[in-house]
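If you read the protein sequences in the order shown, they are chains A and D. Quick note on numbering: the first sequence equals residues 3 to 360 in the numbering used here. Quick note on numbering: the second sequence equals residues 54 to 712 in the numbering used here.
Possibly wrong hints are sitting among the right ones.
What the hints assert, rightly or not - In silico contact screen, one side only, chain D against chain A (beta carbon under 7 Å); selected entries: (1) N85; (2) A198; (3) P365; (4) R370.
Because the hints were derived from the structure by calculation, they are not lab data. We put the CB at the ideal spot given by N, CA and C, even for glycine.
Below are the chains, spelled out letter by letter.
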Amino acid sequence: MKSGVEDEFLEVLYNVVHLLNRLGGNLTLQINPLPASSIRHFTVSYLRWVCGKSVNLLTIIKIGHIHIARAIFLLGLIICFTTANAASPSYIEGINIRADAGFMADDNVTRAKNSADKLSDQSYSANLSLPYIFALGTHFRALTNGFLGGEKFVHYDGLSRVSAGVQGELQYRHSAAFFAPIFALSGRALTEQYQSKLRDSSRYSIGVSMRQPVTDRIQLFGALTHHQRDAYSKVFTIAEKAARLNLDYLLSPQGTIYMTGEYRVGDIVSTGQPTLELISSADVFAPDDAFTDSQLTTYRLDGSTVLTTLGYNHGFSPNHALDFSWRRIESTPGQKKNYSTSSGYVVNQFSLVYLMSF
Amino acid sequence: MNKIMCFKYFLLHIGISLSALLLVSCSPGGENPTDVFPNATAVIKPTSGPDSFLLFPNPQKQADGSLQTNTLAYATAYYEAIDPNNTKDTLAKWKAANGFGSAGTEVNVVFGDVKDLGYGRRMTARDNGNDTYAFMVENYAVAPAANYTYSSLNLDAAVAREPKWHVGTNAIEFSSATCTAAEFLAGCNSTVKFAKFYTFHPTTGARLLEANLDGRGNKAMPGICISCHGGRAYPLTPATESPTSKALFPVIGFTASQKRGDVEAHLQPFDVDNFGFSTVPGYTRAEQETKFKAINKMVLKTYPIAAAPVFPEDTSRRISNFIEWDAAPAATIIKNAYGGNSMPNTTFSDTFVPPGWAGQETLYNDVVVSACRTCHILRGTGTMPELNFNSYASFAGYADQIKGHVIDRGNMPLAKIVYERLWGSSGIEILANFLETPEQTVRDTSGAVLKPGRPVAVPGPNRTVLRGATILSATGSLYSKTYQWSIVSGPNGTTLDNPNLAQPTFNATADGNYVLQLITSNGTTQSEPATLTLVVNNALSPAPATIRFSNIKAVLEGAAGCIGCHTPPSGGPPIFYTNIDRNGSGGIADTTDDLWFYTELRGRINFTDVASSALLRKPSGHHHGGGLQPGFDSTTAPGQPGRANYDLFLNWILNGAPY
Numbered sequence: 003m004k005s006g007v008e009d010e011f012l013e014v015l016y017n018v019v020h021l022l023n024r025l026g027g028n029l030t031l032q033i034n035p036l037p038a039s040s041i042r043h044f045t046v047s048y049l050r051w052v053c054g055k056s057v058n059l060l061t062i063i064k065i066g067h068i069h070i071a072r073a074i075f076l077l078g079l080i081i082c083f084t085t086a087n088a089a090s091p092s093y094i095e096g097i098n099i100r101a102d103a104g105f106m107a108d109d110n111v112t113r114a115k116n117s118a119d120k121l122s123d124q125s126y127s128a129n130l131s132l133p134y135i136f137a138l139g140t141h142f143r144a145l146t147n148g149f150l151g152g153e154k155f156v157h158y159d160g161l162s163r164v165s166a167g168v169q170g171e172l173q174y175r176h177s178a179a180f181f182a183p184i185f186a187l188s189g190r191a192l193t194e195q196y197q198s199k200l201r202d203s204s205r206y207s208i209g210v211s212m213r214q215p216v217t218d219r220i221q222l223f224g225a226l227t228h229h230q231r232d233a234y235s236k237v238f239t240i241a242e243k244a245a246r247l248n249l250d251y252l253l254s255p256q257g258t259i260y261m262t263g264e265y266r267v268g269d270i271v272s273t274g275q276p277t278l279e280l281i282s283s284a285d286v287f288a289p290d291d292a293f294t295d296s297q298l299t300t301y302r303l304d305g306s307t308v309l310t311t312l313g314y315n316h317g318f319s320p321n322h323a324l325d326f327s328w329r330r331i332e333s334t335p336g337q338k339k340n341y342s343t344s345s346g347y348v349v350n351q352f353s354l355v356y357l358m359s360f
Numbered sequence: 054m055n056k057i058m059c060f061k062y063f064l065l066h067i068g069i070s071l072s073a074l075l076l077v078s079c080s081p082g083g084e085n086p087t088d089v090f091p092n093a094t095a096v097i098k099p100t101s102g103p104d105s106f107l108l109f110p111n112p113q114k115q116a117d118g119s120l121q122t123n124t125l126a127y128a129t130a131y132y133e134a135i136d137p138n139n140t141k142d143t144l145a146k147w148k149a150a151n152g153f154g155s156a157g158t159e160v161n162v163v164f165g166d167v168k169d170l171g172y173g174r175r176m177t178a179r180d181n182g183n184d185t186y187a188f189m190v191e192n193y194a195v196a197p198a199a200n201y202t203y204s205s206l207n208l209d210a211a212v213a214r215e216p217k218w219h220v221g222t223n224a225i226e227f228s229s230a231t232c233t234a235a236e237f238l239a240g241c242n243s244t245v246k247f248a249k250f251y252t253f254h255p256t257t258g259a260r261l262l263e264a265n266l267d268g269r270g271n272k273a274m275p276g277i278c279i280s281c282h283g284g285r286a287y288p289l290t291p292a293t294e295s296p297t298s299k300a301l302f303p304v305i306g307f308t309a310s311q312k313r314g315d316v317e318a319h320l321q322p323f324d325v326d327n328f329g330f331s332t333v334p335g336y337t338r339a340e341q342e343t344k345f346k347a348i349n350k351m352v353l354k355t356y357p358i359a360a361a362p363v364f365p366e367d368t369s370r371r372i373s374n375f376i377e378w379d380a381a382p383a384a385t386i387i388k389n390a391y392g393g394n395s396m397p398n399t400t401f402s403d404t405f406v407p408p409g410w411a412g413q414e415t416l417y418n419d420v421v422v423s424a425c426r427t428c429h430i431l432r433g434t435g436t437m438p439e440l441n442f443n444s445y446a447s448f449a450g451y452a453d454q455i456k457g458h459v460i461d462r463g464n465m466p467l468a469k470i471v472y473e474r475l476w477g478s479s480g481i482e483i484l485a486n487f488l489e490t491p492e493q494t495v496r497d498t499s500g501a502v503l504k505p506g507r508p509v510a511v512p513g514p515n516r517t518v519l520r521g522a523t524i525l526s527a528t529g530s531l532y533s534k535t536y537q538w539s540i541v542s543g544p545n546g547t548t549l550d551n552p553n554l555a556q557p558t559f560n561a562t563a564d565g566n567y568v569l570q571l572i573t574s575n576g577t578t579q580s581e582p583a584t585l586t587l588v589v590n591n592a593l594s595p596a597p598a599t600i601r602f603s604n605i606k607a608v609l610e611g612a613a614g615c616i617g618c619h620t621p622p623s624g625g626p627p628i629f630y631t632n633i634d635r636n637g638s639g640g641i642a643d644t645t646d647d648l649w650f651y652t653e654l655r656g657r658i659n660f661t662d663v664a665s666s667a668l669l670r671k672p673s674g675h676h677h678g679g680g681l682q683p684g685f686d687s688t689t690a691p692g693q694p695g696r697a698n699y700d701l702f703l704n705w706i707l708n709g710a711p712y
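With these hints in hand, go ahead and build the complete structure from the sequences.
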């Protein structure tokens with residue numbers, strides 16, 4: 003039995019490794035040699051790969067923000083045990099793999115306020131996710147998702163990254179009526195490795211949401227979320243609270259138009275040449291290693307951000323869809339200096355993503 | 054679903070959950086060393102190498118190792134001298150006392166202090182219309198970004214008046230002061246105006262005893278200001294029988310005011326060519342040029358003048374006495390920058406080279422103007438002006454001292470930015486070429502200019518000693534942590550105990566000349582060997598350990614002839630050697646007067662660099678109005694009759710100059 007457990011575990015992890023390698027990132031799996039008889043040793047090797055350093059299980063306990071990790075782990079465990087202890091899982095909605103490949107144009111990757119500091123770039127991305135949905139009785143169900151992906155920027159390679167993470171969501175619906183809202187508690191954790199060392203980070207978020215059909219064509223979704231990011235540089239170590247509202251409008255059986263508005267309060271990051279306003283408002287700053295040609299500095303400031311997204315999703319079949327969206331991001335520093343020349347920075351992102359599942 | 058499938062999914066789920074734990078546990082770790090936290094309390098980083106900026110070359114080192122001119126006691130005594138009733142202990146009070154906001158002329162300018170302290174500066178200069186002036190400057194330093202160097206951000210902060218980077222407010226008041234009864238008896242003149250220096254907290258406005266001007270920690274007032282304004286660093290007068298029962302700020306002997314607190318410091322010309330300017334309308338150079346001219350005219354008005362004024366810009370300048378600071382070179386700089394006498398030009402342009410520098414323009418422009426002139430132009434006295442470096446001859450006369458300060462000690466140039474600029478420019482090569490002589494090494498074997506921070510062995514001056522135990526001292530060595538003494542030559546039977554200590558014991562059993570060698574090290578870096586010649590003479594009298602102030606005074610007041618000049622009412626040298634009523638008690642030569650005399654004389658000793666003590670250099674003919682005095686010929690060997698007094702003074706000093 004023990005051997006079987008390890009085999010299952012190893013199989014999952016090797017699949018992850020295989021997928022990562024196929025993405026063509028710079029990651030190299032270093033599991034050598036893998037002790038066949040010990041999950042613990044495998045875990046250590048796995049950690050060494052993920053963290054890029056030698057760690058042991060004791061180290062994990064000491065790493066900051068472990069409380070968040072524990073919370074998510076606990077959530078996972080609850081879901082697991084709930085699943086396992088269910089007298090009989092009523093159904094498994096499906097186990098499939100979702101993949102997407104996309105292109106994005108960003109007119110202000112520096113998140114700069116001054117036009118002289120604004121740099122634009124394009125990126126290509128690919129992501130893979132493995133969602134699982136479990137029914138937990140009549141009113142509850144759980145969603146878990148493991149995902150990994152990569153994004154490659156054309157000009158500013160420091161922004162290129164690979165990421166992997168998991169998320170979980172516990173949903174509640176008091177009835178099966180069409181207009182019955184779905185309430186959810188969700189958590190998400192991911193780790194990112196950038197070409198820019200300053201940006202290497204782990205991200206966490208936790209939130210509550212509600213999904214409400216309005217008509218047979220319109221669906222509303224609202225969420226309150228707390229985001230946190232722990233990065234190598236404190237410039238990119240940020241925390242935000244967000245309120246999001248999304249409206250999906252079903253144009254046709256294949257086409258959905260959607261609009262999203264999101265308001266975030268917390269930390270914002272902006273890159274540019276040093277200015278009195280930025281330095282006076284910043285909590286922390288550092289020379290940016292992603293824009294080394296122009297010797298830019300990146301600043302973390304208190305502020306708020308408004309994100310608006312307008313998109314269209316066209317399904318070609320149940321397993322294939324194309325998504326086009328325009329996102330506008332406007333961030334405003336919390337401290338308004340009397341000598342400020344403008345309020346904040348604006349970013350426009352245009353993206354085209356092909357999605358499929360199999 | 055069968056149980057096996059269920060169990061597989063359960064395991065898969067456990068695996069995913071465990072992966073979540075692993076992933077989120079992998080925070081990137083470590084700290085980015087380039088992160089800068091501008092809101093954090095500034096940490097004074099320990100420095101290695103030269104770190105004596107804004108301190109006097111003779112900071113009045115005390116027996117306990119403290120530098121008296123850099124103590125709160127010194128600052129306290131200064132403010133008590135210039136503001137005895139504490140009526141200007143806040144910026145608001147100071148401004149009110151100087152009439153800010155009332156009738157009079159006020160000029161506001163904002164500029165970058167590019168070549169001195171690096172600040173963005175917002176200055177208000179005020180002409181009260183009665184020949185008194187007040188200058189107030191808010192200093193802005195975006196230190197986290199600029200690291201106490203000049204940055205246009207500092208200027209931007211001054212333009213915007215960004216309170217976050219307002220690091221302090223300095224003020225100079227040119228006014229007279231009331232003399233106390235005791236001061237009046239001692240010759241104090243309450244009509245003479247002189248410069249008084251203040252610094253205030255940027256937020257509270259409270260007057261400060263110390264300030265951190267260059268990121269290297271707090272240093273005491275007024276030294277951080279007056280060290281580059283021509284001020285003098287004399288020791289405090291003892292509290293014994295002082296009118297306030299507290300230590301008093303010293304009287305600088307040759308000031309016209311004879312008022313405690315008049316440190317013989319002066320206002321610097323505003324070197325507009327070397328300022329940074331904003332492009333923000335209202336703050337460009339062109340828009341502020343006439344304001345700077347007005348300020349430079351105010352500065353000029355504060356300078357004493359040797360003869361009755363002829364030109365309009367000189368009216369109301371006080372006629373100087375013959376001994377005080379010679380303002381002519383500084384006044385000439387200001388005038389020539391505006392086209393000469395009558396100052397016809399609107400725009401400042403400093404291309405003037407003093408006639409005494411003809412033929413040495415490169416050295417003058419690239420070294421003296423860039424690294425020395427700002428401070429030195431305000432130094433020197435009427436009878437001994439060489440320290441103003443207003444001629445090549447004056448500069449050359451200090452070549453050995455310049456080498457010591459710039460190449461060895463690193464306490465010159467006096468300010469961090471100026472120091473770094475000199476060492477980062479071609480000026481240091483030009484200076485090295487000037488300093489280099491067969492007797493004076495300024496380059497290493499590769500030809501690079503020697504830089505301060507390397508260990509320099511200083512075994513102390515050659516001298517005469519008695520037979521028996523003599524404690525040597527290498528504590529004057531620079532940047533050294535370990536010591537190696539050895540006897541190079543001398544009669545047999547001599548021992549050197551603890552030769553690896555800074556203060557070993559030399560035991561001579563026979564008269565004769567002994568040569569010792571000292572090598573010091575700092576880590577793996579070793580100094581060049583330095584030699585010390587000890588002339589052992591068992592007939593030496595008085596014995597070095599028994600020399601007291603009375604022995605020294607006897608020389609000063611005796612055959613050496615010092616009191617020919619060093620006596621009132623000549624108003625001459627900076628110190629009087631005669632027995633006078635120093636505390637204004639009405640009597641003369643009492644014990645208090647003697648103690649005060651001793652303290653003043655001790656202030657002529659530089660315990661950080663004994664050989665450079667004025668008490669040794671002046672009578673031995675270095676920049677001394679009286680030239681070489683009998684018994685002080687330091688060019689002869691120790692023990693020779695021609696330097697008996699020098700040897701006496703030297704042994705007294707090396708014994709701690711006891712009372």
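Right, here's what the structure says about each hint:
{"no.": "1", "hint": "N85", "result": "holds, 4 Å"}
{"no.": "2", "hint": "A198", "result": "holds, 5 Å"}
{"no.": "3", "hint": "P365", "result": "violated, 40 Å"}
{"no.": "4", "hint": "R370", "result": "violated, 40 Å"}
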